[in-house]
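Listed below are the residues making up each chain.
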Amino acid sequence: MGVAALMTQSDDVKATVEWAEQFQGNYRLMTAAEKAEARARLERRYSAQYSKKVTVDTSEALPGVLMGYALNIRKCIGCRRCVNACVEENNQSRGKNPGERIEWIQVLRMERGEFSKEKMNEGYPEGLGIQVGGNAYTPAGQVLEGQYHYEPALVPEKDATYMPIACMQCEKPPCVKVCPVRTTYREADGPVVIDYNWCIGCRMCMGACPYWARRINLTTPVLPKAEMNPVTHYLGNRPRMRGVVEKCHWCLQRTRQGRYPACVEVCPVGARKFGNLLDPQSEVSLILARKNVFRLKAELNTFPKFFYFYD
Amino acid sequence: MKKLTFSAMLLALWCGIISSAFSQPTQPPEITCFESRKGASEVVRRDLQPGWPNVKCSPKTGAVLWWGDPFDGTVPMGDMPTVENFPTGKAVVKPRSEKIALMPMCAVACHNGVGPKFNPPKLPTSKMPTPIPTMAAMVPDLQNLQHGGGRIWCLDCHHTNQRNKLVDNFGNPVSFDQPQLLCGKCHGDKMRDWRDGIHGKRIGEWASTGKKRWFTCTECHNPHNVQDGARNRGFPQIAPEVPPQLPWGMKDAKHELRHGVSH
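Here the protein sequences come in this chain order: A and B. With positions in the first sequence counted from 1, the corresponding number in the working numbering is that position plus 94. With positions in the second sequence counted from 1, the corresponding number in the working numbering is that position plus 4.
Calculated directly from the structure, the hints in this document are not laboratory data. What you are looking at is a predicted structure, and each value in this text was computed from that prediction instead of being measured. Glycine included, every Cβ here is placed at the ideal spot set by N, Cα and C. Incorrect hints may appear among the rest.
Think about it this way: if two alpha-carbon atoms lie no more than 27 Å apart in a straight line, the pair counts; the simulated DSS-like pairs of lysine-lysine are [unchecked claim]: (1) B:Lys-64 with A:Lys-319; (2) A:Lys-252 with A:Lys-385; (3) B:Lys-258 with A:Lys-252; (4) B:Lys-194 with B:Lys-64; (5) B:Lys-215 with B:Lys-194; (6) B:Lys-255 with A:Lys-190; (7) A:Lys-190 with A:Lys-146; (8) B:Lys-194 with A:Lys-385; (9) A:Lys-147 with A:Lys-108; (10) B:Lys-215 with A:Lys-252; (11) B:Lys-255 with B:Lys-42; (12) B:Lys-103 with B:Lys-64; (13) B:Lys-64 with A:Lys-190; (14) A:Lys-108 with A:Lys-319; (15) A:Lys-190 with A:Lys-319; (16) B:Lys-42 with B:Lys-64; (17) B:Lys-194 with B:Lys-258; (18) B:Lys-103 with A:Lys-252; (19) B:Lys-215 with A:Lys-385; (20) A:Lys-266 with A:Lys-108; (21) B:Lys-194 with B:Lys-94; (22) A:Lys-129 with A:Lys-146; (23) B:Lys-255 with B:Lys-103; (24) B:Lys-258 with A:Lys-385; (25) A:Lys-129 with A:Lys-147; (26) B:Lys-189 with A:Lys-190; (27) B:Lys-94 with B:Lys-255; (28) B:Lys-64 with A:Lys-252; (29) A:Lys-129 with A:Lys-319; (30) B:Lys-42 with B:Lys-103; (31) A:Lys-129 with A:Lys-252; (32) B:Lys-94 with B:Lys-189; (33) B:Lys-189 with B:Lys-169.
Residues from chain A that face chain B, not an exhaustive set, calculated with beta carbons under 7 Å [unchecked claim]: (34) Glu-115; (35) Asn-178; (36) Arg-188; (37) Pro-192; (38) Val-275; (39) Pro-324; (40) Tyr-354.
Full structure from sequences and hints, please.
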């Protein structure tokens, strides 16, 4: 279609722009002029495609900023508003058919077990699923590794705790290490991003990520015109194509402009916090100074910039 | 003849009215959604720009899922013990007192300080909650007020003579827009964390000196319903949003109970 459009001098914006996109360089290697050209091209194409004025931001990493995220796991009630806010903000696919809905945040529900001295010498737990926590004989702490399709009438449930996970924006990201085309990399202000145009969909990064944070568009993304968020970033929430990997990028289109990520704003219990780790007065720095903080899978030496804490 | 002309004119006029009524475009239904919890602040959905709404609401629960403009409908917070060096004018709140339906009546209709038992003011000496049928009908949570484990009652928080105000430690009235001045009397640790941005919710700009909309205590917590037997945290139970899509070929989520998350 692109060739035909080029040969016939077609007015089809989508076709001509897609053709030009095939010849653009890796985003990191583009000059400022090439970036501006790519930006104008995409704005033209998306505006025509979604029938509204779409902006594609290309702002660079903010100087003197290292973004950090903190989440209070004792506050989380498992309501999944963050998951849906993320879908609304970041133009994820939201079709009804299997595989057409993509969510970057997972909220895991974990059942509480019990620990008692009397049960210490009993046999291995049966019928309780995978034991996580406690000792080998008694399912203490969590008795399930996690559910995320849970659907009770009301949350939080009495005997459950919730643990949201998403991209941890590692300082030493395994996904970046394995990418054969170097389409994914870590920005200077923290987030790990993807140049969707250079992604070949090999899913090496999905295999390498220890936090299950990456998703692939196996089907053509379903994004209704009315629901499309027209404020986008080149490395952030611009509409993706089929066959590319995508992930959380801490709402670059918002955070580079000073606004909180969408999941932080929507959390009804205020469990999610975001700020500049280099600023001692920021929310995240104060949490690191005052609260009990841990990082998920710290033993893997990925050094996440996502911190869990509790009061 | 005149009669016929008159009826013809009437018919023409009627047809005109009907046709104009039908030719008007149908208005989209007005959607109101709640921001943090049901019963607290609400917002009406509208378009700030074409294709850019002020909020997006959840079709399942009616909660706000996304803010287009976080400062829509806010006013400066005013005097507050803020973080040191926090720029003034950058802390805003959404005024709530105007939204509470019965608030204008409280200090006029019943609690005007000149009722039969209140002139001169004569308050009960015991702090045991007294059943008040009229209030219980309006605020059902008062049937079993468990705030403070039953140790506090109405006038520990509400002003004696000005019932459309709360009360601080010195008996001074406190606006319903600044409940933190009241709540911080007992929950000092939470007050400090809230002031520093660790507890509670703020939307707007993430920089520590940025402009933010602060959510005050009562926007998230219902002070009349603090101990709900069915939940295990200090927040009322709410309906969750839609669960994630099941993987290909999976009919229901029961597999998770046997095998954990399929990764």
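The hints, checked one at a time:
1. Distance hint between B:Lys-64 and A:Lys-319 is fulfilled; the C-alpha atoms sit about 21 Å from each other, no more than 27 Å.
2. Distance hint between A:Lys-252 and A:Lys-385 is fulfilled; the C-alpha atoms sit about 25 Å from each other, no more than 27 Å.
3. For the proposed pair B:Lys-258 and A:Lys-252, the alpha carbon gap of about 20 Å is at most 27 Å, so the pair holds.
4. Restraint check for B:Lys-194 and B:Lys-64: the C-alpha separation of about 32 Å exceeds 27 Å, so the hint is violated.
5. For the hint pairing B:Lys-215 with B:Lys-194, the CA-to-CA distance comes to about 22 Å; that is within 27 Å, so the pair holds.
6. Proximity of B:Lys-255 to A:Lys-190 is assessed by CA-CA distance (about 14 Å); at most 27 Å being required, the pair is judged to hold.
7. Distance hint between A:Lys-190 and A:Lys-146 is fulfilled; the C-alpha atoms sit about 24 Å from each other, no more than 27 Å.
8. Only pairs whose Cα atoms come within 27 Å are accepted, and B:Lys-194 paired with A:Lys-385 is accepted, the gap being roughly 13 Å.
9. Restraint check: the Cα-Cα separation between A:Lys-147 and A:Lys-108 comes to about 15 Å, which is no more than 27 Å; the hinted pair holds.
10. This hinted pair does not check out: B:Lys-215 and A:Lys-252 have alpha carbons roughly 37 Å apart, beyond 27 Å.
11. Pair hint B:Lys-255 plus B:Lys-42 does not hold up; C-alpha atoms about 33 Å apart against a cutoff of 27 Å.
12. With a C-alpha separation of about 24 Å, the suggested pairing of B:Lys-103 with B:Lys-64 holds against the 27 Å cut-off.
13. About 15 Å separates the Cα atoms of B:Lys-64 and A:Lys-190, which keeps this hinted pair within 27 Å; it holds.
14. Of the supplied pair hints, the one linking A:Lys-108 and A:Lys-319 holds, its CA atoms being roughly 15 Å apart against a limit of 27 Å.
15. A C-alpha spacing of about 16 Å is found between A:Lys-190 and A:Lys-319, which places the hinted pair at or below 27 Å, so the restraint holds.
16. This hinted pair checks out: B:Lys-42 and B:Lys-64 have alpha carbons roughly 14 Å apart, not beyond 27 Å.
17. Straight-line distance between C-alpha atoms of B:Lys-194 and B:Lys-258 comes to about 39 Å, which puts the hinted pair past the 27 Å bound.
18. For the suggested pair B:Lys-103 and A:Lys-252, the alpha carbons sit about 33 Å apart, so the restraint of at most 27 Å is broken.
19. For a cut-off of 27 Å, the pair hint linking B:Lys-215 to A:Lys-385 stands: about 25 Å separates their Cα positions.
20. A distance of roughly 37 Å separates the Cα atoms of A:Lys-266 and A:Lys-108; the hinted pair therefore is violated under the 27 Å criterion.
21. At most 27 Å may separate the alpha-carbon atoms for a hinted pair to count; B:Lys-194 and B:Lys-94 meet this at roughly 21 Å.
22. The hinted pair formed by A:Lys-129 and A:Lys-146 meets the criterion: a straight-line CA distance of about 22 Å does not exceed 27 Å.
23. Of the pairs offered as hints, the one joining B:Lys-255 and B:Lys-103 is violated, with about 45 Å between alpha carbons and a cut-off of 27 Å exceeded.
24. Restraint check for B:Lys-258 and A:Lys-385: not satisfied, since their Cα atoms lie roughly 37 Å apart, outside the 27 Å limit.
25. The suggested pairing of A:Lys-129 with A:Lys-147 holds, with an alpha-carbon distance near 19 Å, which does not exceed 27 Å.
26. Distance check on the hinted pair: B:Lys-189 and A:Lys-190 sit about 50 Å apart at the alpha-carbon level, beyond 27 Å; violated.
27. A C-alpha spacing of about 50 Å is found between B:Lys-94 and B:Lys-255, which places the hinted pair above 27 Å, so the restraint is violated.
28. Restraint check for B:Lys-64 and A:Lys-252: the C-alpha separation of about 22 Å stays at or below 27 Å, so the hint holds.
29. Taking the CA atoms of A:Lys-129 and A:Lys-319, the gap is near 26 Å; set against the 27 Å cutoff, the hint holds.
30. A hinted pair counts as satisfied when its Cα atoms are at most 27 Å apart, and B:Lys-42 with B:Lys-103 qualifies at roughly 13 Å.
31. Between A:Lys-129 and A:Lys-252 the alpha-carbon distance is near 52 Å, which puts this suggested pair outside the 27 Å criterion.
32. Among the hinted pairs, B:Lys-94 with B:Lys-189 is consistent with the structure: their alpha-carbon atoms are about 25 Å apart, no more than 27 Å.
33. Only pairs whose Cα atoms come within 27 Å are accepted, and B:Lys-189 paired with B:Lys-169 is accepted, the gap being roughly 16 Å.
34. Because the beta carbon of A:Glu-115 sits about 24 Å from the nearest beta carbon in chain B, more than 7 Å, this interface hint is broken.
35. Look at A:Asn-178: its Cβ gets to within about 5 Å of chain B, closer than 7 Å, so that hint holds up.
36. The interface hint given for A:Arg-188 is violated, since its Cβ lies 10 Å from the closest Cβ of chain B, which is over the 7 Å cut-off.
37. Taken as an interface hint, A:Pro-192 checks out: its beta carbon lies about 5 Å from the nearest beta carbon of chain B, inside 7 Å.
38. Hint status for A:Val-275 relative to chain B: violated, with the closest Cβ pair at about 25 Å, above 7 Å.
39. For A:Pro-324, the shortest C-beta to C-beta distance to chain B is roughly 6 Å, which falls under 7 Å, so the interface hint holds.
40. Interface hint at A:Tyr-354: satisfied, since its Cβ lies 5 Å from the closest Cβ of chain B, which is below the 7 Å cut-off.
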